[in-house]
Structures are given as structure tokens and as C-alpha cells.
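**Student:** Here's the letter readout for the chains.
There are 2 protein chains.
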Amino acid sequence: MPNPTAAMLVIGDEILSGRTRDSNMHHLAGRLTEHGIDLREVRVVADDADAIEQAARALSEAFDHVFTSGGIGPTHDDITAECIARAKGVPIGVRDDARAILQAHYDRQGGTLNDARLRMARIPEGATLIDNPVSAAPGFSLGNIHVMAGVPQIFEAMVAGLLPTLTGGARVESRTIRVERGEGDIAEALGQVASDYPDLSVGSYPFVQKGRFGVNVVVRGSDVDRLEAAMGALKSHFPEAAE
Amino acid sequence: MPNPTAAMLVIGDEILSGRTRDSNMHHLAGRLTEHGIDLREVRVVADDADAIEQAARALSEAFDHVFTSGGIGPTHDDITAECIARAKGVPIGVRDDARAILQAHYDRQGGTLNDARLRMARIPEGATLIDNPVSAAPGFSLGNIHVMAGVPQIFEAMVAGLLPTLTGGARVESRTIRVERGEGDIAEALGQVASDYPDLSVGSYPFVQKGRFGVNVVVRGSDVDRLEAAMGALKSHFPEAAE
Numbered sequence: 001m002p003n004p005t006a007a008m009l010v011i012g013d014e015i016l017s018g019r020t021r022d023s024n025m026h027h028l029a030g031r032l033t034e035h036g037i038d039l040r041e042v043r044v045v046a047d048d049a050d051a052i053e054q055a056a057r058a059l060s061e062a063f064d065h066v067f068t069s070g071g072i073g074p075t076h077d078d079i080t081a082e083c084i085a086r087a088k089g090v091p092i093g094v095r096d097d098a099r100a101i102l103q104a105h106y107d108r109q110g111g112t113l114n115d116a117r118l119r120m121a122r123i124p125e126g127a128t129l130i131d132n133p134v135s136a137a138p139g140f141s142l143g144n145i146h147v148m149a150g151v152p153q154i155f156e157a158m159v160a161g162l163l164p165t166l167t168g169g170a171r172v173e174s175r176t177i178r179v180e181r182g183e184g185d186i187a188e189a190l191g192q193v194a195s196d197y198p199d200l201s202v203g204s205y206p207f208v209q210k211g212r213f214g215v216n217v218v219v220r221g222s223d224v225d226r227l228e229a230a231m232g233a234l235k236s237h238f239p240e241a242a243e
Numbered sequence: 001m002p003n004p005t006a007a008m009l010v011i012g013d014e015i016l017s018g019r020t021r022d023s024n025m026h027h028l029a030g031r032l033t034e035h036g037i038d039l040r041e042v043r044v045v046a047d048d049a050d051a052i053e054q055a056a057r058a059l060s061e062a063f064d065h066v067f068t069s070g071g072i073g074p075t076h077d078d079i080t081a082e083c084i085a086r087a088k089g090v091p092i093g094v095r096d097d098a099r100a101i102l103q104a105h106y107d108r109q110g111g112t113l114n115d116a117r118l119r120m121a122r123i124p125e126g127a128t129l130i131d132n133p134v135s136a137a138p139g140f141s142l143g144n145i146h147v148m149a150g151v152p153q154i155f156e157a158m159v160a161g162l163l164p165t166l167t168g169g170a171r172v173e174s175r176t177i178r179v180e181r182g183e184g185d186i187a188e189a190l191g192q193v194a195s196d197y198p199d200l201s202v203g204s205y206p207f208v209q210k211g212r213f214g215v216n217v218v219v220r221g222s223d224v225d226r227l228e229a230a231m232g233a234l235k236s237h238f239p240e241a242a243e
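Residue numbers (UniProt numbering), protein chains in the order written: chain U, 1 to 243; chain Y, 1 to 243.
Keep in mind the hints are simulated off the structure, nothing from the lab.
Keep in mind it's a predicted model, so treat the numbers as computed, not measured.
Among the hints, erroneous ones may be present.
[Stated by the list, open to error] In silico SDA-like cross-links for lysine to any residue, where the CA-CA straight-line distance does not exceed 25 Å:
1. U:K210 with Y:S141
2. Y:K210 with U:H26
3. Y:K210 with Y:E156
4. Y:K88 with Y:Y106
5. Y:K210 with U:D199
6. Y:K210 with U:Q109
7. Y:K88 with Y:Q109
8. Y:K210 with U:A136
9. Y:K210 with U:I130
10. Y:K88 with Y:S141
11. U:K235 with U:D199
12. U:K210 with Y:P133
13. U:K210 with Y:E61
14. U:K210 with Y:H26
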């Protein structure tokens, strides 16, 4: 059975303006690979209601899971929850369980659950809450869309809590060898290995380091014996390569 | 006149698998902001022909410019040029000017323009070449799609050559203040400033540092006087904030 598929939707003006370099994408990609869920697409859209709603709907229809990051805080530009509710065609309002979580948190912290913070208790109908061990305000799963915070510490904590509840597939393993030659010199041999091992993915990632060209060749697949056989074939082509 | 809009399409299994952390997105976002082109969306797709073609077509129809990164080298997994040609419905083949650039490069370097490398001279009909001062193999612009390499040094050099040829708009300036309070405590005042300055974008980017919550408030716009006025309003709300 093929692994479940996933997409990520990053809501973030600050990434599109170049102010912030995304880290949630890289984090989620690694965790999903470990969990046997294939991340097939990432979209980054602006804090724009139509853009969020349309992307959420398209990705939700195309993939088994959609993970979102950002836009669920208390400020005027936090519109993700409303947009996801609209994408799924369900109403949204303050929910008692989410309000109780926030109330308990601010009681402990000595803060006030004011109107702005109460917006973080707005949860679409039918959603399941995602625990936020950092700052209480929960994420939620609505159908196959998992809505999480953008602050990396909170996003990572939410992912850590959510993933064990999702069915994973076979873990995709990878092996890498580093060849200190131009990509054009090794392309023919790589193509041969790729066609001899159609069940594996053979990727070629060139780099420039200190003015010299080289290639990281990455082989991926879930059958470790096949991986090792492909690596053996690559090493016979490139005996000088480093693992 | 509103600024031109843009999207970026990153072709990269290695980013979706979590192996590599993208840097081209962050680089392009910064350069486009400086040039007055609004980056509205980024998509990262796998090295999959249908995914690349469909994303390229959708983004090309929705935005003034599409910038792609990755998949134009000499190996079997470099399929971007073919996919972009299909997305635009034009034929592709080895072009004499691209072949001459590669031949001159390998003559200089003492390498061979073998069949694999000759694939990098395949250019869709009607495209304009984008100069590659690092490793010769050119990118190209086909209509509003600008196709560039994925290796960061090459991508950045191509962007540096390409952007001056594209019409930019008003440069979007930004100002940031850092408020060491929870987002929920400042949300009401932020919302007020955002509604008083509808011509500006007021973004709120929370962070957790050493266990304490804070917010970077970023105001963006192309009218510097309005930006300074909004910053004055924010400072009167948050006199303790640091710029």
C-alpha cells in the first residue's frame, strides 16, 4: 500500500516579504519522512483570506493530509481558522473546551482572557483540538486539515503531539554518496542506476564548494536491501566517492 | 499603479524529503521586495512532470511573473525545461546559441560537451536565455516564466542578472518594533493602528525567546511618511518597545 500523501500550507506574509526564513517547512518535512507520510507539495500564501481558503480547499482535495502553519493567534491578521472553516463549509465560533483551556492558562499565568485572546477559542464545528503545550491556545484538525501555529517552538510541539495520532506508512530510508565531479560527467551512469532500480528514487543534487563542483547522489526507498544494492552499483561507477 | 505580482515554483524532492533546507525562496523574496515586485505565493513540488507542468501553468496564469528554481541540470531527474515548454505549449530542442555557450565553456575548462551536458542546451522555442556566470548552462525566460538553476550560487547569480531586465514597482519599505509582551495584550491596539492605516500592512509576528513571549510588529508600505506616522502611533501605544 502506498504511503499516505500530504501537503503543507504556510500562511506567511513575513516569509514572502523575505523578512523571515521559514523553518517549519523543513521541520515538518523531516518528521513526515520519519513517519512514512509523503510530503508532495508546499504552498506559501499571504495573509489573504481568499488565497488561504482556495489553497486549503485545493490541497485538501488532492492529498490525504494538509498541515498548515501560521495565522491562528489573537491579532487582526490571524484569519486562518475562519478561512479553513470556509474551505470546509462549516460554521466557526468560540468553543467551550477551547475557552476553558485558555481560561485555565491565563488563570495560572495571571493574565486576562480578553476579547483578543478569546478569538483563539474560535474553532470550526466538528474539529478536534491539537494540544499546545507551550502557550495553551490550541490548534485543530478539521477533516484532513491540521491547523497549527506559526511560531516554530509551538509548531514543533503541536506536530510532535499530532503525528502519533496519524497512520503512517513505510519509512522512507535514504543513502547519500558525495561525488567530487561535475554532474555532466556522472549523468549517464546515474541514469543507468535509476533505470535499473525503478522502485527507488535516485536524485542528483549538485553543489559548488570552494569553487569546485560536486554532486550529492541520494537514493531513497523503503526496501533497505534494494537501497544497499543500488548503493553498491553507484560505488562501482564512482569508486572515489565518499559516503 | 500596483506593483507587479510574482510567484515562485521550487522544484525539489530534496526539500520535500527534509534533506535540504531551501535558501532560494528566502533569497528571491528579499530581492523581489527590493525591486518592487510582490511575491504572492511559493509552491514547492516534487520532481514530477505533471506536478511541475500544472503548477507552472496555474501560477503563470495567476501572476505577472513566475520564477522557478531547480531541475535544469544534465541528469535524468532534470525535467523542468520540458515541463515548462509543455505548460506553455511550445516545442523544445537543442538550441544553437545555448550549445555554443556550453561548447565554449567546456573548451575553456577542458571538459567534454557529452550527451548529458547537451541536454542543458535544450531550450523551449521563443525563450530568452538567462546568463549563468557560474557554470555556463543558461536558464531561460519563456513568456512570464523565468527558469533558473537550483544550486544557490547559480540561482542567485541568475536572479542578479535577470531582475534589472524586469520592470519593478514602488519599493515596499518596512519598519519593525519589538514589543516584549504577549500578543493578546497588544492585539486591540494593533487592530486599531491597522484600521487607522488601511493603506499599510500591519503584521504581528510572535516569538518565544528564553521562555518569554514577545511580538515583532512589522509595518509595510511604499509611502515612507505614512509608515513613520503609523510607527509613531505604535510607539505611543507601546512606549517601552524597541525598534
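**Student:** Among all the numbered hints in the text so far, which are the ones the structure does not match?
**Tutor:** 1, 3, 4, 5, 7 and 13
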